[in-house]
Amino acid sequence: MPANSFKELEKENSKQFDEREKRVRHNVNHSMGFFHFIGDILELFLPKLVSIFVNVTGGNGPKQERKQDPEGGPSTDGDGLRPKYPNTH
Amino acid sequence: MTRNITLTISDEEAVTEYIATQNQKYFDVLYTRYSSKIFGKCLSILKDEEKAEDATQEIFVKILLNLSKFSGKSKFSTWIYSITYNFCIDTIRKGKKDKSILVEDMTNEHDMAEDGIEDRFLMEMNVKRLKVVLEKIPVTDKAILLMKYQDDMSIKEISGILSKSESAIKMKIKRAKQKFKRIHKEIYTENLNSI
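Heads up: the sequence lines are chains A and B, in that order.
Residue 89 is where the first sequence ends in this note's numbering, and the numbering goes up by one at each step.
Residue 195 is where the second sequence ends in this note's numbering, and the numbering goes up by one at each step.
Note that these hints are calculated values from the structure, not bench results.
Just so you know, even glycine gets a beta-carbon here, dropped at the ideal spot from N, CA and C.
Errors might be hidden in some of the hints.
Unchecked claim - A few chain A residues that face chain B, going by a derived Cβ cut-off under 8 Å, partial list only:
{"hint": "1", "residue": "Ser-5"}
{"hint": "2", "residue": "Glu-12"}
{"hint": "3", "residue": "Phe-17"}
{"hint": "4", "residue": "Arg-25"}
{"hint": "5", "residue": "Ile-41"}
{"hint": "6", "residue": "Ser-51"}
Unchecked claim - When the alpha-carbon atoms are kept at most 25 Å apart in a straight line, the in silico PhoX-like pairs for lysine-lysine are as follows:
{"hint": "7", "chain 1": "B", "residue 1": "Lys-25", "chain 2": "A", "residue 2": "Lys-22"}
{"hint": "8", "chain 1": "B", "residue 1": "Lys-62", "chain 2": "A", "residue 2": "Lys-15"}
{"hint": "9", "chain 1": "B", "residue 1": "Lys-51", "chain 2": "B", "residue 2": "Lys-62"}
{"hint": "10", "chain 1": "B", "residue 1": "Lys-47", "chain 2": "A", "residue 2": "Lys-11"}
{"hint": "11", "chain 1": "A", "residue 1": "Lys-7", "chain 2": "B", "residue 2": "Lys-47"}
{"hint": "12", "chain 1": "B", "residue 1": "Lys-174", "chain 2": "A", "residue 2": "Lys-7"}
{"hint": "13", "chain 1": "A", "residue 1": "Lys-7", "chain 2": "B", "residue 2": "Lys-75"}
{"hint": "14", "chain 1": "B", "residue 1": "Lys-47", "chain 2": "A", "residue 2": "Lys-22"}
{"hint": "15", "chain 1": "B", "residue 1": "Lys-164", "chain 2": "B", "residue 2": "Lys-73"}
{"hint": "16", "chain 1": "B", "residue 1": "Lys-181", "chain 2": "A", "residue 2": "Lys-11"}
{"hint": "17", "chain 1": "A", "residue 1": "Lys-7", "chain 2": "B", "residue 2": "Lys-170"}
{"hint": "18", "chain 1": "A", "residue 1": "Lys-7", "chain 2": "B", "residue 2": "Lys-128"}
{"hint": "19", "chain 1": "B", "residue 1": "Lys-136", "chain 2": "A", "residue 2": "Lys-11"}
{"hint": "20", "chain 1": "A", "residue 1": "Lys-7", "chain 2": "B", "residue 2": "Lys-185"}
{"hint": "21", "chain 1": "B", "residue 1": "Lys-51", "chain 2": "A", "residue 2": "Lys-22"}
{"hint": "22", "chain 1": "A", "residue 1": "Lys-11", "chain 2": "B", "residue 2": "Lys-131"}
{"hint": "23", "chain 1": "A", "residue 1": "Lys-11", "chain 2": "B", "residue 2": "Lys-164"}
{"hint": "24", "chain 1": "A", "residue 1": "Lys-11", "chain 2": "B", "residue 2": "Lys-128"}
{"hint": "25", "chain 1": "B", "residue 1": "Lys-69", "chain 2": "A", "residue 2": "Lys-15"}
{"hint": "26", "chain 1": "B", "residue 1": "Lys-25", "chain 2": "A", "residue 2": "Lys-15"}
Can you make the complete structure from the sequences, with help from the hints?
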């Protein structure tokens with residue numbers, strides 16, 4: 001007589017999974033691959049879509065900060081490297 | 001390589017590594033350890049191999065998508081079994097439009113009349129009979145009995161999974177055992193004393 005029939009039942013049920021094991025694993029991997037693909041697409045294009053939506057609805061989009069030269073020189077664009085007025089330096 | 005990892009790494013380590021690296025081998029470790037057990041539980045509750053296979057697949061996808069939510073407060077096995085039981089209970093309830101809840105409520109009064117049942121009665125039963133009786137009892141009672149006797153979960157763990165108080169769970173276990181014994185008696189009346 002088994003010590004715990006519930007455990008025996010679990011073993012019995014688990015045995016029936018052997019033939020299905022590979023198929024389920026493949027399907028799970030396939031589903032996860034699909035979700036990752038969708039995630040990658042969203043990660044890549046969502047910022048662009050938001051930007052387009054903002055522009056279409058009349059927004060100005062992200063503002064670029066202008067930096068003032070502490071020594072009183074001309075202000076530069078957001079990247080801070082390129083002078084706003086070339087040929088003045 | 002994967003075989004070595006399977007033997008040495010704990011569930012929690014495999015989860016942490018999978019989240020950090022998304023490496024397939026860590027998923028394989030968890031899948032190898034739990035897929036057949038999850039299938040077994042789904043089969044016990046859903047009573048259909050095809051449905052159990054589909055459920056196992058969906059449960060694993062759910063587990064992987066929610067892996068980052070595993071906080072480590074409970075054992076990993078308890079966490080995935082909670083997803084499994086709740087998924088199966090929801091599936092049954094959706095299919096039957098909550099008939100199981102009605103059956104459960106209707107049988108409560110009758111059950112209250114009976115008294116405590118020894119665990120030995122359930123645990124030493126013939127597996128075939130156990131299977132037959134489990135198929136006849138409501139899904140929540142079946143899930144509770146499986147959690148207690150198959151997964152050795154504590155009252156606290158079961159109460160966490162089913163979102164009920166510990167005293168409510170104790171009462172539910174008692175009622176589930178009483179229902180089990182009554183149904184067993186109905187089916188195997190003449191052989192009851194021989195178990």
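With a cut-off of 25 Å on the C-alpha distance, tell me whether B/Lys-62 and A/Lys-15 pass.
-> 23 Å, holds
Measure nothing beyond the straight line between the CA atoms of A/Lys-7 and B/Lys-75; if it is 25 Å or shorter, mark the hint as holding.
-> 19 Å, holds
How about A/Glu-12: closest beta carbon in chain B under 8 Å, or not?
-> The hint holds - A/Glu-12 has a Cβ within 8 Å of chain B, the shortest such distance being about 6 Å.
Given the hint that A/Lys-7 pairs with B/Lys-47, does the C-alpha gap stay at or below 25 Å?
-> 17 Å, holds
Given the hint that B/Lys-69 pairs with A/Lys-15, test it: the Cα-Cα distance must not exceed 25 Å.
-> Answer violated: B/Lys-69 to A/Lys-15 is near 31 Å, above 25 Å.
Please work out if B/Lys-47 and A/Lys-11 have their alpha carbons no farther apart than 25 Å.
-> Status holds; Cα separation ~15 Å.
Does A/Lys-7 pair with B/Lys-185 here, judged by a C-alpha cut-off of 25 Å?
-> Roughly 22 Å between the alpha carbons, so the hint for A/Lys-7 and B/Lys-185 holds.
For the pair supplied as a hint, A/Lys-11 and B/Lys-128, confirm whether the alpha-carbon distance does not exceed 25 Å.
-> Since the Cα atoms of A/Lys-11 and B/Lys-128 sit roughly 13 Å apart, the hinted pair holds (cutoff 25 Å).
Should the hint that A/Ile-41 touches chain B count as held when the rule is a Cβ pair under 8 Å?
-> At 17 Å from the nearest chain B Cβ, A/Ile-41 fails the 8 Å test, so the hint is violated.
For the pair supplied as a hint, A/Lys-11 and B/Lys-131, is the alpha-carbon distance within the 25 Å limit?
-> Roughly 13 Å separates the two Cα atoms, so the pair holds.
Minimum Cβ distance from A/Ser-5 to chain B below 8 Å?
-> Nearest chain B Cβ about 5 Å off; hint holds.
Does the nearest C-beta of chain B fall within a distance shorter than 8 Å of the C-beta of A/Phe-17?
-> Hint holds; A/Phe-17 Cβ to chain B Cβ min 4 Å, cut 8 Å.
Checked against the numbered hints above, the structure breaks hints 5, 6, 23, 25 and satisfies the rest.
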